[in-house]
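Chains U and S are the protein sequences, given in the same order.
Anchor point for the first sequence: position 41 equals 41 in the numbering used here, and the numbering is continuous, going up by one each time.
Counting from 1 along the second sequence, just add 113 to a position and that's the residue number in the numbering used here.
Don't take every hint at face value.
[Said to hold, decoys possible] Counterexamples of contact, computed for chain S against chain U with all Cβ distances above 12 Å: (1) T465; (2) A760; (3) T827.
[What the hints assert, rightly or not] Derived list of chain U stretches under chain S, where covered just means 3 residues or more per stretch with a C-beta under 8 Å from a C-beta of chain S: (4) 35 to 41; (5) 55 to 69.
In short, the hints are calculated from the structure, not lab data.
Computed from a predicted structure; not experimentally measured.
Ideal Cβ positions, reconstructed from N, Cα and C, are used throughout, including at glycine.
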Amino acid sequence: MELVYSIAIGVLVGSGVWLLLRPRTFQVLMGLVLLSYATNLFIFGMGRLSMHVPPIIDEAAPDPARYADPVPQALVLTAIVIGFATTALYLVMLLALRGLTGTDHVDGREPDR
Amino acid sequence: MQLELIVLLPFLGSLCAAFFPSNARNAEAWLSGIVAAVCAVLVASLYGDVAGGGVVRTRIDWLPQLGVDFYLRMDGYAWLFAMLVTFVGTLVVIYSRYYMSPSDPVPRFFAFLMAFMGAMLGMVLSGNLIQLVVFWELTSLTSFMLIAYWYHRPDARRGARMAAIVTVAGGLCLLAGVLMLGQMVGSYDLDDVLQAGDAIRAHPWYAPMLVLVLLGAFTKSAQFPFHFWLPQAMAAPTPVSAYLHSATMVKAGVFLLARLWPALASTELWFWLVCGAGAASLLVGAFSATFQRDMKGVLAYSTMSHLGLITMLCGMGTELGLIAAVFHMMNHATFKASLFMATGVVDHETGTRDLKRLNGLRHAMPLTAAVAIVAAGAMAGVPLLNGFLSKEMFLEESIVAGGVSGLRFTFPALATLGSLFSVAYSLRFIHEVFFGPSTVHELPRQPHDPARMLVPSALLVGACLLVGTLPARTVGPLLETAAIAILGPVLPEYRLAVWHGFTAPLLMSLAATTGGVALYVYLYRRRMTLIRTPFLSRFDSKRMFDVANVAATRGASRLGRVLFSRRLQTQLLLIVGFAIGAGYLPLLAGGYSPGAAPLTPLDPLFALLWIGGVACAIGAAHQAKFHRLAALIMIGGAGLVTVLTFAWFSAPDLALTQIAVEVVTTVLFLLGLRWLPRRLQLDDPRRRTVRARARRTRDAVFAAAAGIGAGLLTFAVLTRPGSSTLAEFFLESSLPEGDGRNVVNVILVDFRGFDTLGEITVVGIVAITVYALLRRFRPAPDSIDVPRAQREDAARAALQEHTADALPRDYMRLPAVLVRLLFPMAWLVSLYLLLRGHNAPGGGFVGGLVMATAIIVQYMVSGTIWIESRLRVHPQVLIALGLLAAGLTGVAAWLARQPLLTSLTLDLHLPVVGDVHLSTVLLFDLGVYLLVIGGTVLMLIALAHQSLRSPRRVHAPEHAPEPRHEAEGAAG
């Protein structure tokens, strides 16, 4: 499982970085979305992978070792919502940029030929 | 307390003055005058405490870890300076009332004048060196604002800029010097620094530190070779010149020299640097002053020359020299301020300050002439005036210092020469303006004596006379107090008296006076007083400054071009490159090895899941340029796999939130896609050039490196056993302290509630920003029309209207009815998620997103117009309510005397219902819920509304050929 998880993060990061370096705004946006998936998974993975032990306390079994680590989960939950907000902002920025400059190149103008 | 008031009052006055109406000249003058006078009285009332070596201190903790306090400290020397600043300040305010014209916007003038006074007082009273530098720079800033007061004049802007660059740069040097000094002493307290003189002088850093401090002092006091800004600063209104650029601000440099004298002086280096700069300024200033055409130009160069004299006295390193320096600071301030005021009167009355045009004014303005003559006499060092006393002391010290340094004749000769020129330009100043044939009728205005405007100037001249005739009774005790503050209780013997007998200084003085008169008569006879300054006019330091300025600007932009790119791709590449490098760097030291923890057995389903996820990610990366919709679908696929992964590994909350976010994000993207340009995958030759290929290869290498690095890092972490005491704490205390079983939710709304409050604030801000950006949205011209897909659909529908496979009309009706039926259910689900969040997966975030999705689905299915005529959502109100609910819940904890955001619980036992458990946490989560609904809906609706805009042509190219042939083709 760990191997698959790591490969998954690797591929997400690789695709994300590739898109981040592309010249069109939409590509960069897609890259950021992929990178945010990868980052969230990475932070989540810091709590280690464990199955069938959600951090929802059962009074009958209060032993902390029986639950998944809640701290990375809380962090990632915050990150998901903030990530959504920044994605929306970036989307609107790229639309405004396109409207103002007439191009969807990240620099606001087509590269010199 | 009094010290704080003295510094604070002018700033408060400045703030008040700034908000007066622009023609409130009298009110402004009253306000400022009262503030200045009250400060003067406060300062005066402290004399008893500082006389005889006492020190008044006030300390407020500021950065105690760094040894930086806000520390006000007044000893005799600071008292004398503070008195000077407030007293001259009061007079200048009165004078300004008459000087400023009714059309000038006075609030700005008085506000900055007051702010300057506060900064100057703060500087003088600083007991901490860093704080001193802060106020020091503040005086430079206000000086800039005041020089540029008439900013419509290019010379004012230019002068202000030059003064600011020189003095602020000097201030930065001073800061560097002071930081070194603080490190050398181990404290920034003035008391400690003054005690540590011997240690400082023996320290290896002494020389560089001294140079830096002196750079600060010399630039501020317009010492050679940094003097050029002072004549340019004369573009300021004359009260400013009188106050800042002769009496107080330019004295800051020499103030500092005397202030730090016990700590820094009496070394060879100090002697040569300080005396050298002082002597050069004395001579260059006096010489240049003799040949100026502008009255204020004469005074500016004369100020520079007198400051040079004071600097020289400080540099000599004798205690008597220092006392003379302090004495001359005061004397110069009185006579020079009154001379500036008299100049302002002449300018105000005649409309010119040109020495060539002014002549014989003594008939029209006898009072002004009298005041100016006495003040100029003091400047020249005529007996019975205060300037004479300090000049005598200067001449005497020049003999002493000359003897010590081995310049037995050079030093006295230089001093006499300086005095000689001083006599010459003083004489010239008076003679050209007030004597000679009257040219009054040729002047722009007919001058009269403005009695009230002359009062401040006359008061200062009175002081000159009083000090000059009765020095020991008037200024004696004050000077002694100031000297004790610097030199300690044992002072060298000196006598303030007009008559010392026939001594060497008297002879030198006589020689200088006779020589000066002779020089002026010679120049006047030869009509050489109005020529450009001989020799020195070739060395135009103003021009050199400009050249240096331009060179620095060009150099900076050249450097910027080398080091910096405006292109985002280059910047991102650098960032990514550095991140990758930083990530791989530890491998060089430690190597890579996976951990030894047992692996979880692989579930083939999970592997299959991620084969899909990986394919989606790579596919999205591949398609994002030409097939945005496809890329979007694949991103969604990768997102879904992520959701499943969260669910798989015991994170139900994450899975819920992520899937809700996925839905909303996808809708958002779909709304946005319409405004992006159409891009077809053609066989573009530019994509096949060597450069383009190389670029893509390079990016691929970077991407691969980043991906492999992240994968390796993840694997290395996952194969090591995890241990987190944090997890234990939260798991153990969630139920007893937070009253919730769902630990993730308890962390969010209770333990780390403040983070969440910040986070929802960010979401609210982003939503409003999105809304604001879209209000001014201008679509690109080619995106304005109905999208191509819709056009083609319509055309196809028109073609197919009568055939069997045409879509039925109103094909959206069925889904619309269903979705409307679902709306209350969605409400219910979202509320359910909110309410159960504390004990089971759910919570405000998920609930809010579900609700927002329900609303936006209504929009999508029924259309914006239909839905808004029936259901008005007010997302801004929801955002506000959400923030208020969350914030007030946090504040409510204060009512129970608990820290912000502490959760409060209430257990009730109600009949019938049974036990009810109420917690403020639910209110907080409700705030989150409302805000998420509001924020999400606001963004989505704002974007959806763009399609409703009436199309309008923006920037339609006028010369574009009409697409007539197309229209014809279509018609045919």
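Each hint tested on the structure:
{"no.": "1", "hint": "T465", "in the structure": "52 Å, holds"}
{"no.": "2", "hint": "A760", "in the structure": "9 Å, violated"}
{"no.": "3", "hint": "T827", "in the structure": "4 Å, violated"}
{"no.": "4", "hint": "35 to 41", "in the structure": "holds (count 4)"}
{"no.": "5", "hint": "55 to 69", "in the structure": "holds (count 10)"}
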